[in-house]
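Participant: If you want the building blocks of each chain, they are given just below.
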Amino acid sequence: MPRGKIELKNYVESLSILDADGNVDASLEPKLDAQELRLAFAAMLRARRYDERMLKLQRQGRIGTYGPALGQEAASLGPAFAIGKNDWLVPSFREPAAMLHRGWPMHKLMLWWGGNEFGSVVPDGVNDLPICVPVSSQCLYGAGVAWGCKIRNDGTIAVAFTGDGGTSEGDFHEAMNVAGAFKLPLIMVVQNNHWAISLPREKQSASDTIAQKALAYGFNGIQADGNDILSMIAATREAADRARKGGGPTLIEAVTYRLGVHTTADDPKKYRTEEEVECWRAKDPLIRFWTYLLAKKVMDEKARELLEEEINNEITAAVERTEAYEPDVLEPFRHSFATMPPHLEEQMMQFQAYLESIGAHPGRASNDKIETARGIH
Amino acid sequence: MAEMTMAKALNLAMREAMAEDKTVMVLGQDVGKDEGVFRITEGLLKEFGPDRVIDFPVAESAIAGVSVGLCFTGFKPIAEMQFSGFGYHAFHQIENHVARFRNRTRGRYTCPMVVRMPYGAGIRAIEHHSESREAIWAHLPGLKVVIPSGPRNARALLRASIFDPDPVMFYEPKACYRAFKEEVPEEPEVMEIGKANIVRPGDDVTIISYGASMRPVLEAADELEIEHHIDAEVIDLLSLVPMDTETIVASVKKTGRVVVVHEAPKNCGPAAEIIARIVENALMFLEAPIERVTGYDLVMPFFNLEKFYIPDAHRVVTAAREVVSY
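As they're listed, the protein sequences go chains A and B. Numbering-wise (my numbering), the first sequence opens with residue 1 and increments by one. Numbering-wise (my numbering), the second sequence opens with residue 1001 and increments by one.
Treat the hints as calculated values from the structure; they're not laboratory data. Given the structure is predicted, the values throughout are model-derived calculations rather than measurements. All C-beta atoms in this analysis are idealised placements derived from N, C-alpha and C, irrespective of residue type, glycine included.
Below 27 angstroms or equal to it, Euclidean Cα-Cα: the simulated DSS-like pairs (lysine-lysine) are: (1) A:Lys245 with A:Lys9; (2) B:Lys1022 with A:Lys183; (3) B:Lys1022 with A:Lys85; (4) B:Lys1022 with A:Lys245; (5) A:Lys85 with A:Lys31; (6) A:Lys183 with B:Lys1033; (7) A:Lys183 with B:Lys1046; (8) A:Lys213 with A:Lys203.
Sample of chain B residues facing chain A (criterion: CB under 10 angstroms; computed from the structure): (9) Gln1093; (10) Arg1106; (11) Gly1107.
Generate coordinates for the entire structure from the input sequences, incorporating the hints supplied.
Facilitator: This is how it looks when you write it as structure tokens:
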């Protein structure tokens, strides 16, 4: 056998429709009517304002550690915007724009970061999984959901999110491999925000692009401008269409940037320069989309003001609802198994006796008392 | 009634469940065309097709994780780990998702799945194929851990596990797959998970065990009776989580003497939990210190030595005599 070149059946595409200065390639624009454009902008703005308020709440000690998604609104909203209600969204933890758009009430996300499992209770009528913490582990159940969609053959698909750091995890590769081998209707979105806490993208992998990893698994990969909502919607629509027709999975690398901290426990000044952040601030997905909408005369400053006010009211109401939430202290016992086994019943009774002994009763008040009794404040 | 091996009985349980419920699926390495390395999935691909019997790529984490996603879309996966020694790849998915989704979502999403794994020594296999690590899974909140000991209870417990609304780690003592046959009823039979079986009633000493160790235990019970006139009560736990504390305690209250037997290492092994429950509930009934006959706190040696390391009837007899004569 002579020595030769093996031609790959596939190649990696890149996609940018609306650039940082607001220039648009009209030939690539996805079909979106004025109402859809307004809706997309509102969803991005909502996520931005939510993030800003969450950072304040964290600093005030009203929620726990928070991982903001500042700057990644387009990357996460695009895929959620482009799929149907019956499709599945499998988030990681930096997709508030997607989750809010899908119908998660804002207070649920606040409850999650505020330390309440109720934030993982998927709302009725929403085909989503909750926030997932162990990096890329969600890719596998995302593939499983896609598998279920395929067997049921009802035209539904799954969209799973991970990040550039997540592409180093074995679970990511196992999910990619299985999705390719079984042609699963899965869209894997990698939010390449350039930083996995302190590890830069170039140290995460020697691959020139993340998108090209799809080729090794036998399916399409595309590198889209993740700060361009139009690119993200267009790329996802195409991938969804292919998946629904039995064409298998797609990897979308959304090139974006984490403008904020990894979480509020992180100080990015230790590992990246302010110049780099400034450079990406100029590529803010909201600014360019707003310029585009103004040029299209889809929205004006007045409409923006009204929207800002509406969002502000929603956030305030969500904070109130979050802070009024009273967790049931005994609830974890009730949801460990469908039927509580005897050993848990016994432990619950002991726990109840303990609660009574410190004068606490199920509900928020008892939580406060437990913390006082243990000297935790 | 038909006489069959545990291998056949497990196969029968899956076939029955799959015929009754279209959402039951089997996923694993070589479970389809090859019918499983132990032939436990024999005939399933032919009968139920490639949509329900999936020859999976070599990726245990994916077998578990994909099963979780299948659960969310309404399926009941039976995930096979080819050997429990390879199941550790799936540990992360099992601990972080399989065991937690019901609690995490307060019941909105659950994992009604079974993870089947052959475990234990005694088949002269190469390294990593002979361990008993059931305690690892028993430690994880949210999982049930079921371990059959013979063909009849294997079939009834696997059926119960498949239709259980919660995830079950189903540990199969591979040394028992074809070691003996038992009468198995024609009609499907279900056993309640969490109920132990008093295999042999007796008054002098309670011997508690499960899985592959039940055979040396029963052999020892016969020897104790015939050679030493000691009447042992033998309890087959069948499930480590939930554990049937009630049956254990009632027996200990009667005999006052206890031996716990398992192949798994001693340190933090299942015997430690069993004994703790006895101490919590029946300390004042004990007539003698409790003996543990277990694996040593070592990795299982290569197979040329394993016969010395697997707890045998002789060790059980010695321990029981010591406890009785205390």
